[in-house]
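Student: Here is how the chains run, residue by residue.
There are 2 protein chains.
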Amino acid sequence: MQQEPPTDSSGFRFTPLVVVELASNVKEETITWLLSRIRDQQQNGGAELFAEQLGPSVEAQEKENPNVFLVGASWQRLLSGAEDVGLFKEYNDGSMRGFTRANKHNFKDFKGKVRHDLSDANLRTALQHFMPLSYFQQEKYSERAVLLRRLLSKGLLVQIFPLHEKEELKRLSFSWYKKVKLSLQPLDDIRHYYGEGQALYFGFLEYFTFALVPMALIGVPYYLFDWEDYDKYVVFAVFNLIWCTVILELWKRFSASLAYRWGTLSRKKAFEEPRPGFHGVLGFNPVTGREEPVYPTAKRHLRIYLVSLPFVLLCLYLSLYVMMIYFQMEGWALSVHDEDPTFWTGILLFIPSIIYAVVIEIMNLIYRYAAEFLTEWENHRLESSYQNHLVLKVLVFNFFNCFASLFYIAFVMQDMVLLRQSLATLLITSQILNQFMEAFLPYWLQRRRNKKMIRKVQKKRTLEDKELPLVEQVRLEADMSTYLGTFDDYLELFLLFGYVSLFSCVYPLAAVLVVLNNITEVYSDAFKMCQVFKRPFSDPAANIGVWQLAFEAMSVIAVVTNCALIGMSPQVKAYFPESETQLILWTVAIEHGLLAFKFILTFLIPDIPKHIQIKLSRLEFESLEALKKKVRSDCLREPSDGYCPV
Amino acid sequence: MQQEPPTDSSGFRFTPLVVVELASNVKEETITWLLSRIRDQQQNGGAELFAEQLGPSVEAQEKENPNVFLVGASWQRLLSGAEDVGLFKEYNDGSMRGFTRANKHNFKDFKGKVRHDLSDANLRTALQHFMPLSYFQQEKYSERAVLLRRLLSKGLLVQIFPLHEKEELKRLSFSWYKKVKLSLQPLDDIRHYYGEGQALYFGFLEYFTFALVPMALIGVPYYLFDWEDYDKYVVFAVFNLIWCTVILELWKRFSASLAYRWGTLSRKKAFEEPRPGFHGVLGFNPVTGREEPVYPTAKRHLRIYLVSLPFVLLCLYLSLYVMMIYFQMEGWALSVHDEDPTFWTGILLFIPSIIYAVVIEIMNLIYRYAAEFLTEWENHRLESSYQNHLVLKVLVFNFFNCFASLFYIAFVMQDMVLLRQSLATLLITSQILNQFMEAFLPYWLQRRRNKKMIRKVQKKRTLEDKELPLVEQVRLEADMSTYLGTFDDYLELFLLFGYVSLFSCVYPLAAVLVVLNNITEVYSDAFKMCQVFKRPFSDPAANIGVWQLAFEAMSVIAVVTNCALIGMSPQVKAYFPESETQLILWTVAIEHGLLAFKFILTFLIPDIPKHIQIKLSRLEFESLEALKKKVRSDCLREPSDGYCPV
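These protein sequences, in sequence, are chains G and L. When we follow the UniProt record's numbering, the leftmost residue of the first sequence carries the number 1, and every step to the right adds one. When we follow the UniProt record's numbering, the leftmost residue of the second sequence carries the number 1, and every step to the right adds one.
No wet-lab data here; the hints were simulated from the structure. Be a bit skeptical, because a hint or two may be false.
Since copy identity is lost for identical chains, a pair holds within one copy or between any two.
Here are the simulated DSSO-like cross-link-like pairs (lysine-lysine), alpha carbons at most 27 Å apart as the crow flies [to be verified]: (1) 252 / 299; (2) 299 / 610; (3) 166 / 456; (4) 610 / 178; (5) 456 / 179; (6) 179 / 166; (7) 456 / 104; (8) 615 / 299; (9) 610 / 451; (10) 299 / 452; (11) 534 / 452; (12) 108 / 452; (13) 456 / 528; (14) 452 / 178; (15) 299 / 108.
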């Protein structure tokens, strides 16, 4: 299919996979140079890809950017890319093996057709590997790389994104969220279209929802019948603690199964190249020996520990300070209302919460920008290290902002009724806000844009099936919002997990609410992925990375808070009528026991299911045996000292 | 040197490396079969080694066992073994690479001589790989393996051990412990002679001693000037906690440097074969596809969780019970003495401690046998898994036995003076006992044996240099005690670490005592390795394994105990005169903070030093590049679809 590039109705000679948009004021020679970089033979330092400028749309306007290019690749080039990025595919014998072009016909279902043989997301990973942005890979980190970095940093390179596949997308969205009957998500199809990182997020979302169902089922009778009976909450809390640990451990196993099936579990990572924003004195990479910018680790550590860390601590302090002001305002409003209970003072009661909620959102927003700026300034060499530092910064602050007031109510004010109210309010409002801001608002905006474009095209000629021609399709997608990765989605799940686990014994209905939220979340996330955002580049992830750690840390904190809440309950206090000290000592002892049990459980449950471990070991064993065989045959061919191993 | 086997004065045609002793009542045909297994060509399923029966000693007695065999190997065979076990050696360019015979001359200092080119311990590892006991490796797990297992389990195979090298040993022991001037241990030489596992133990012992020096230095003034001033102990305890965490983390880095230098860090482990004691229904290994016994994991888990675990818990309960009896006796003796303080009741005061100490030793001994029996019965497939389960069982019980009484005194009786006394008594007596039982007693026994043998030989002929002929040397070594591995040595260090870290703030002199003990321990351990024990087979370890975990667990427990001790001190209590609850809550909060800090520290300090990480990455990068090059050249040679990557 790719051997002879098909001719598109719009006059394109190949299947375009990726769109590159340059700023409209880029000089002609820069464009010529860039296109030659993309099209040239590898021997001449090019990427050996197809590239073509996008023609003007039906109703070309003055402001339309002419510098939009479509990039594609020959079938051979894509296969070679798949080999280079270390893709794993299912072999004929059912095991997962690293893909090589030499024995490509031994892979399952390999028929020599692009669409069937490599997943759509894999195609893009393979192509991305050759994209000019990854030109740092070339032996000489020369003017070329510097120029490219300048293109990026000066905003001359506007965006690079993969094109949607209308047909595939229609099929996927139907099986994903358009069906009426309830069913599991088509994870394999999601992975096929969006790549492993996305599919793992949706897998985690689904798993998390199912894992919460038992908690929700137990929570309902607690809510209905024993609203004030703390005594039985002890059982509920202990169950929750063990449950949280077990589901997180089991997720590791489930995620390993998924990653094995998708070939990312045993995929060896290629050497990570420096991220585009990385700068430093030109030197030599000690690992690869190639010329590239070098930045001393000690300097980065100084920036992290002397600037970023104090800044984060300062922000946490500010957040606490704002919270204290909120509680003072709350107390003041209450006293005003108590003195003179009119309608207007009744409204006044709500004012502090509203102001606090708005201030929290603003602080989160400002902090997010500050964290991105600081992490950029720390000048991390690798994208992964940049991401980890950014996630850590944002995570800690969001945790504080969301839960500090609850902690204050629970452990300083010790007001369980208020805690329950605040928890319910926070949980429900944040869910509604999130769903609205995340999916419906962007959808509505995008829908308007779509209709405008269709109307514009219809003016010129009649459309069959309301299908847009390629040129218009590309222009439309270029205007879509950019999907910024799974960060915000995971963060939302993380905070929900916090609501469920930290104070579950005060408000057993939390699990029910979160389950309901997650079900709608699946639909709204699926919807926004398919309809609202540009298609993201795929990310061949093998696990959910730093988020696993974050969720586990949360479950450790949950042990502490739940034990404290149980210790503070009047029913437990009644067992130690004479001495509060005894009560606290017992609580602390039980908490330590639970923590120890938790860690032992983490050790006892293997991270990779046994049947996959066996498959991995067999693969390793076979490669060792093959090596031995090769050593022997080499030895027999050219005996070095007359002795060859059997 | 090995190319043409030298003729020994006693008539041996090769350098014997390993001694195999069969029971004296083994049938002639078994011996013939075994020897043919050892000597046969590999094509015929043999090990292709040299083997010879040991002649009668000078004064042959009736009871002397004739079935002692010396085993050696040709130089080629040893090199092939070194390659098979995945040995890493220093390459010409200074990096560590997997040894291959094909490019053996590119390795540093390779001169084609056995003694120089492979470390002595490596030679034995390579030979051990071919020893008949590892015949499970052969494709067919047939009667042969069954027969061998029967040999072992029926006691027909008495022992297999490597021979000492008199010359090398003399040199090693001189540089190790016979020098008068204090210096670091010759770790590289120890590794050369005994292998990596031993050398890592001695490295850890030395590191641990140095790491305790700052603690000891700070402890002395505390002991001399501020005996009763808890207030300053808080600083001391906090310092200790951070120090313990830091030294354990730094040890990981130091151990990684050692393991890198010795080539075990990046060595890929060969597939572990089932341990000799493993039994089950004959089936197929799912990884290798070879025929071998198969035992269901579920059954093993049932044995572990339904028998071993309850048994361990029962023993812990018994240990606690005995401890309670001891405290009752102690109280009773004290009351008798208080009523009627005479000389005899004064002696009576010591009786309970003595009885308790003896009972503890007996319990430890019985428990050790029970643990070995149970772990054997759990039927672990791998030696490593067997060792881990055994270590865990013994560790938990020893920890309880040693520290339960101290915990009771500290937290139930809350008698700090008694705690200090008990700690000092336990520490000092256990050190003296250990040194005596471990080194001097076996040495004295061995010395007697040596002298007897020399006298016996001297009767027959005069000896030059008091050197024994090979036959007598072999007989002598066969009678030496067997070194049972580093288990007991590590266990001792573990308990000492416990004394230092758990209650350091009550008895700051503990670190001083442990440092002194460790210095003598280095000498006595070195001494017993060189003079008392048979030479052990080497164990190519890359780290101290499960002990790292054990030491880290101890340092976590230490945080808890130290915080509790500080919270209980009268000086700290004085800060909270009105409310004990406040005091406890603060203590718990600070403890949680310290634990969190500890975990963060563990994350922040990388386990492998950066310069070694770079070397490892470079090696990996080079092998990837080489693979790419090979793929390209293969492709150019036999183009499959006319397209080759650059």
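Student: Each of the hints needs a verdict: does it hold here or not?
Tutor: Okay, the hints, checked on the actual structure:
1. 252 / 299: Close across copies (25 Å), not inside one copy (36 Å); limit 27 Å.
2. 299 / 610: Classified as between; 15 Å across copies, 44 Å inside a copy.
3. 166 / 456: Within one copy, since 20 Å is at most 27 Å while 95 Å is not.
4. 610 / 178: neither (36 Å within a copy, 52 Å between copies)
5. 456 / 179: neither (31 Å within a copy, 94 Å between copies)
6. 179 / 166: Result: close within a single copy only, 18 Å intra versus 82 Å inter.
7. 456 / 104: neither (46 Å within a copy, 74 Å between copies)
8. 615 / 299: Between copies only: 22 Å across chains, 44 Å inside a chain, cut-off 27 Å.
9. 610 / 451: For residue 610 and residue 451, the Cα distance exceeds 27 Å both inside one copy (52 Å) and across copies (56 Å).
10. 299 / 452: neither (51 Å within a copy, 68 Å between copies)
11. 534 / 452: Only inside one copy: residue 534 and residue 452 sit 18 Å apart there, 89 Å across copies, limit 27 Å.
12. 108 / 452: The answer is neither: 45 Å in one copy and 73 Å across copies each exceed 27 Å.
13. 456 / 528: within (24 Å within a copy, 92 Å between copies)
14. 452 / 178: Within one copy only: 24 Å inside, 92 Å across.
15. 299 / 108: For residue 299 and residue 108, the Cα distance exceeds 27 Å both inside one copy (50 Å) and across copies (37 Å).
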